[in-house]
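As they're listed, the protein sequences go chains W and Y. Position 55 of the first sequence, counted from 1, bears residue number 55 in my numbering, the numbering being contiguous throughout. Position 14 of the second sequence, counted from 1, bears residue number 14 in my numbering, the numbering being contiguous throughout.
Here are the computed lysine to any residue pairs in the SDA-like style, where the Cα-Cα straight-line distance is at most 20 Å:
#	chain 1	residue 1	chain 2	residue 2
1	W	Lys169	Y	Phe15
2	Y	Lys34	W	Arg253
3	Y	Lys97	Y	Lys138
4	Y	Lys221	Y	Ala192
5	W	Lys3	Y	Ala131
6	W	Lys3	Y	Ala93
7	Y	Lys97	W	Ala97
8	Y	Lys32	W	Trp167
9	W	Lys55	W	Leu217
10	W	Lys24	W	Ile35
11	Y	Lys123	W	Ser17
12	Y	Lys123	W	Ala104
13	Y	Lys115	W	Thr20
14	Y	Lys115	W	His19
15	Y	Lys123	W	Trp9
16	W	Lys3	Y	Ala132
17	Y	Lys123	W	Ser6
18	Y	Lys123	W	Ile2
19	Y	Lys123	W	Met1
20	Y	Lys123	W	Asp96
21	W	Lys169	Y	Pro30
22	Y	Lys115	Y	Arg105
23	Y	Lys123	W	Ala113
24	Y	Lys123	W	Met13
25	Y	Lys123	W	Arg103
26	Y	Lys302	Y	Glu258
27	W	Lys169	Y	Val17
28	W	Lys169	Y	Lys20
29	W	Lys3	Y	Ile124
30	Y	Lys123	W	Leu8
31	Y	Lys123	W	Ala10
32	W	Lys24	Y	Pro110
33	Y	Lys123	W	Tyr7
34	Y	Lys115	Y	Tyr152
35	W	Lys169	Y	Trp27
36	W	Lys55	W	Ile45
37	Y	Lys97	W	Ile252
38	Y	Lys115	W	Ser6
39	W	Lys169	Y	Thr33
40	Y	Lys97	W	Asp96
Keep in mind the hints are simulated off the structure, nothing from the lab. Just so it is clear, the structure is predicted and the values come from calculations on it, not from any experiment.
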Amino acid sequence: MIKTLSYLWALMMANMSEHTHQRKRLFVMSFFMMIQNTMFFIIWILFFQSVGDLKGWQLPDYMRLIGIFASSFGFCMFFFYGVRNIAYWIQDGSLDAFITRPRAALPALLMSASSPASLGDILYGPLLWLTLGDMPVSSLPWFLFLAMMSAVLLLSVLVIMYSLAFWLKGSPRFSDQLFEMLLIFTGNILHGQPFALKAVAFTIIPAGFITYIPVQLTREFDATLFALLIGAIIFYGAAAILVFNAGLRRYIRGSV
Amino acid sequence: MADPIIQVQDLTRTFRVRDKEARQGGWFSPAKTKELIAVRDLNFSIQTGEKVAFIGPNGAGKSTTLKMLSGLLCPTAGTASVCGLTPWEATQALSSKIGLVFGQRSHLWPNLPVKDSFALLAKIYDLEEGAAQQQTDKLIEVFGLAKFFNQYARTLSLGQRMRCDIAAALLHQPSVLFLDEPTIGLDVTAKALLRDHLNRLVQEFETTVLLTSHDTDDVEKICDRVILIDHGQKLLDTTLPKLHRDYRQTKTLRLTTEEECPVFEHPHVSVEARGDHTLVLAVDVTQVRMEVIVSQCLERFKLHDITIEDLPLEEIIKTIYQQMKKARP
Numbered sequence: 001m002i003k004t005l006s007y008l009w010a011l012m013m014a015n016m017s018e019h020t021h022q023r024k025r026l027f028v029m030s031f032f033m034m035i036q037n038t039m040f041f042i043i044w045i046l047f048f049q050s051v052g053d054l055k056g057w058q059l060p061d062y063m064r065l066i067g068i069f070a071s072s073f074g075f076c077m078f079f080f081y082g083v084r085n086i087a088y089w090i091q092d093g094s095l096d097a098f099i100t101r102p103r104a105a106l107p108a109l110l111m112s113a114s115s116p117a118s119l120g121d122i123l124y125g126p127l128l129w130l131t132l133g134d135m136p137v138s139s140l141p142w143f144l145f146l147a148m149m150s151a152v153l154l155l156s157v158l159v160i161m162y163s164l165a166f167w168l169k170g171s172p173r174f175s176d177q178l179f180e181m182l183l184i185f186t187g188n189i190l191h192g193q194p195f196a197l198k199a200v201a202f203t204i205i206p207a208g209f210i211t212y213i214p215v216q217l218t219r220e221f222d223a224t225l226f227a228l229l230i231g232a233i234i235f236y237g238a239a240a241i242l243v244f245n246a247g248l249r250r251y252i253r254g255s256v
Numbered sequence: 001m002a003d004p005i006i007q008v009q010d011l012t013r014t015f016r017v018r019d020k021e022a023r024q025g026g027w028f029s030p031a032k033t034k035e036l037i038a039v040r041d042l043n044f045s046i047q048t049g050e051k052v053a054f055i056g057p058n059g060a061g062k063s064t065t066l067k068m069l070s071g072l073l074c075p076t077a078g079t080a081s082v083c084g085l086t087p088w089e090a091t092q093a094l095s096s097k098i099g100l101v102f103g104q105r106s107h108l109w110p111n112l113p114v115k116d117s118f119a120l121l122a123k124i125y126d127l128e129e130g131a132a133q134q135q136t137d138k139l140i141e142v143f144g145l146a147k148f149f150n151q152y153a154r155t156l157s158l159g160q161r162m163r164c165d166i167a168a169a170l171l172h173q174p175s176v177l178f179l180d181e182p183t184i185g186l187d188v189t190a191k192a193l194l195r196d197h198l199n200r201l202v203q204e205f206e207t208t209v210l211l212t213s214h215d216t217d218d219v220e221k222i223c224d225r226v227i228l229i230d231h232g233q234k235l236l237d238t239t240l241p242k243l244h245r246d247y248r249q250t251k252t253l254r255l256t257t258e259e260e261c262p263v264f265e266h267p268h269v270s271v272e273a274r275g276d277h278t279l280v281l282a283v284d285v286t287q288v289r290m291e292v293i294v295s296q297c298l299e300r301f302k303l304h305d306i307t308i309e310d311l312p313l314e315e316i317i318k319t320i321y322q323q324m325k326k327a328r329p
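Chain Y on its own, in the form it takes in the complex (with noise of 0.2 Å):
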């Protein structure tokens, strides 16, 4: 197997914070600090070509780890490598490799037109006139940005914005690219335009991803494997696949009756939700076959419709998330 793109070992990240708990001293007195483990002894490895989703909760060290892979902070402890160099070593050299996005912030010019946005960075990344003349149009196509690509910046819409701003990112065809809350407060059209882009951005030009975000409908439609951190330790390191099959404890049945008020009862059944001529079960796979309470259920209803569904993604986190937690002492 080639080296991989990205490789993290034991990086450990602390902060020194005023220590709110404590009682503080006079006016010259020092402040009490204490210090914070923002991200701690996190492993992992990721080949070229991948796309990984990075997910936990507020504060548990995602953007910390992201700004010391893209080398815009150093660990306390630990070495990190992204393609090849050492990022917070690094970090000019470095940024000719990977591209940035963050949600909040837009690396256009809001004065300029995208075009010319665009010319600016080519000449930030010093690139021959007719590579990025060509590489720009490619991304005009992949993103679909003919319509507003002449428009100023500031009068894009937060969705058309953040097309151009990952367009802008890959201009100078970098090798990773790392994406904070690219879809943060895009209405759910804008969103699945922006995720069939980054699809079609992967297959185009084989970059490796790394996104963090807190909608798990990126995670599903955009990346194949997971890391799963909280309070800066990860919790779980898998592919998207397996983490369904590995969680998939509960199934959902829907059931669309004859009968006005279903009622279903099995040991290892609970009733989700119960409506007039609706029902919906929670099936423990691991207890029962689907198939047993699939063919109860059509002895008993006159059914119209059935459905089987998978636990969703943001439950199966949910879920290891309080397993973690119970198993923490």
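Only chain W is shown next, with the shape it has when bound in the complex (with noise of 0.2 Å):
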């Protein structure tokens, strides 16, 4: 146990090393980052100024969403960018070099890349959560806590978006385009749209379980939708390794 958390430190510690002599750059993305995400949410804050509530959703609902989610998918594109490459790699067979190794490709694939901008998303949530969002900083281990179980539910979502290259041979972009509909469901209000849309963004794009159950828990706490999302937790994690697995084995195979 002990080796095995060493082993994933030390993956992560060498994922990280790339900033550690390009200290510049990464403060440089993430500032613009933080910039970019200003100018985006201007925009909603301009929406929410002129009709006052969204069938019950005010700004700081919308900003603890958003905080949530800058800082989840912040966390998973700072951390885990490689999780973008799996696609890619199964085409190039880059992927080889990772399964001829005595450990689970898995976690060493995830911790291959970080994306430097995505530190200043990280940095974005809680900003967004204590001013914009309205809430104390006292509240803060709670947004943590809820942008970790956010960020978990992301990666082990977009593992499974990008392991459908196993089976969607020579469309690597494909798994791009759910993964840009990912976003576009995770950073809208899902509050009083029609069901359908529901059924979707609770099912094959979980971006309900994301971002939407997370804020509805800062709204009001629910032991009902808490253990809705500690089951979506389990339940996507669990789907991401096996679909993963599923994936290698075909690719062993030579099916892919």
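Reconstruct the complex from the two isolated chains, following the hints.
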């Protein structure tokens, strides 16, 4: 167990090492990511200023949603950007290097790349939570917990989406399209949306679990919703490992 | 004799590929495919410590075989055993017993100093700290890595990177080393250096080597046995000296003469090249003894220099392929 943790820590450090000698790039890209986020949220601020609320949701609710989303997304992309390479590496054979090691391929794959700009997303989350999200400093641990839960879910869903390349020959771009679709769903308000949309958002593209439920929990804690969130994390986490491993077996069979 | 470390029996791998020659249907009809045989009924075995070259033209099935032997691909039929394991059924277990080097891909982390990549690999292979350090020191010495061991991998030259890559593949002391085009893209000096290091490695660690390369110098300088394949089938499996012996039908005779335009005629000798004071002859030694030709040359010319060369391995391989092509129905 200790050896495994030490190995995972070493992988993480290797992944982060890119930033240690390119610190200027890390800070500049993170800063501009925060500026970019601000430009995007101004539109929503103007929107809420003119409509007041959206079926009971007000600006602070939405800012909490975006706060959780930004941090969880940033966390995934900063530490596990390798997930976005899975589909491409299946196609070009780069996956071979990960399979021919006496360790599970998935952790090494996930921690094989890092997006420097995503540090800006990680930091932007609590900033929004405390300012426009209208939450006290004492609620930060709660925010971090929800953001972490959301990040685990997001990462699991991304593993599934990018592992589809094991079955969809020659179309790694399709996984990118799914990724973009997930971002659109996750960053938008599902509250008061039609049933069909919610059905999609809680199954195929589980954006509802990634941001909507965590924000509902901040509005009013509900044990059922919390259990649903934990259940979704277990379900999608297990599904991600199963799908990836099934894909890997298919890859070795030479069917990819 | 001990059990072979690599044993391959009737190994076959086919792929279903889109048939480019067949008339494809419309948008909604399934694509017409055909079966492509990449490896067909391949049989061979390799003993511990052997250095075997696996050679053939592009698309011959070399890399497919290597992939199957390293557990990256299942065969369609046949069996194989590497270090007592069926590669595609025990990929992870096998990875501790083999080392893989693909000329085009690196095992090093580009953003880490080489020494940190080695430390990470030691964790991946779960090596004891002391043992890992001892092996690292040995590899630094054998491969001459000391000068750039603290450098970031992305700043290394291709030759340095390849030496580090091969050393990294040996950190966990594998019994078998698969080398796929290890000298591709290297200049002459870097190639020679790498071959020297590889030979030292084989002596030092008694590692079994299976090498694929298009460079016949790699084969001659590193290996002692050759397996020749084409269209997925084994054409020849022999030792390098035997290959030279069997296919040494022609020898090259290079003469530097006092005469400005030397001329030589013999029914079993062809003139390869002729220049000012030079003459290159190809002698068919199956028809005429070399000393006969040499003595005739000594009689006819005032010689400044004379050299006798064997047919280069590249020419031998070319000859074998031509013979096989003719023999094929």
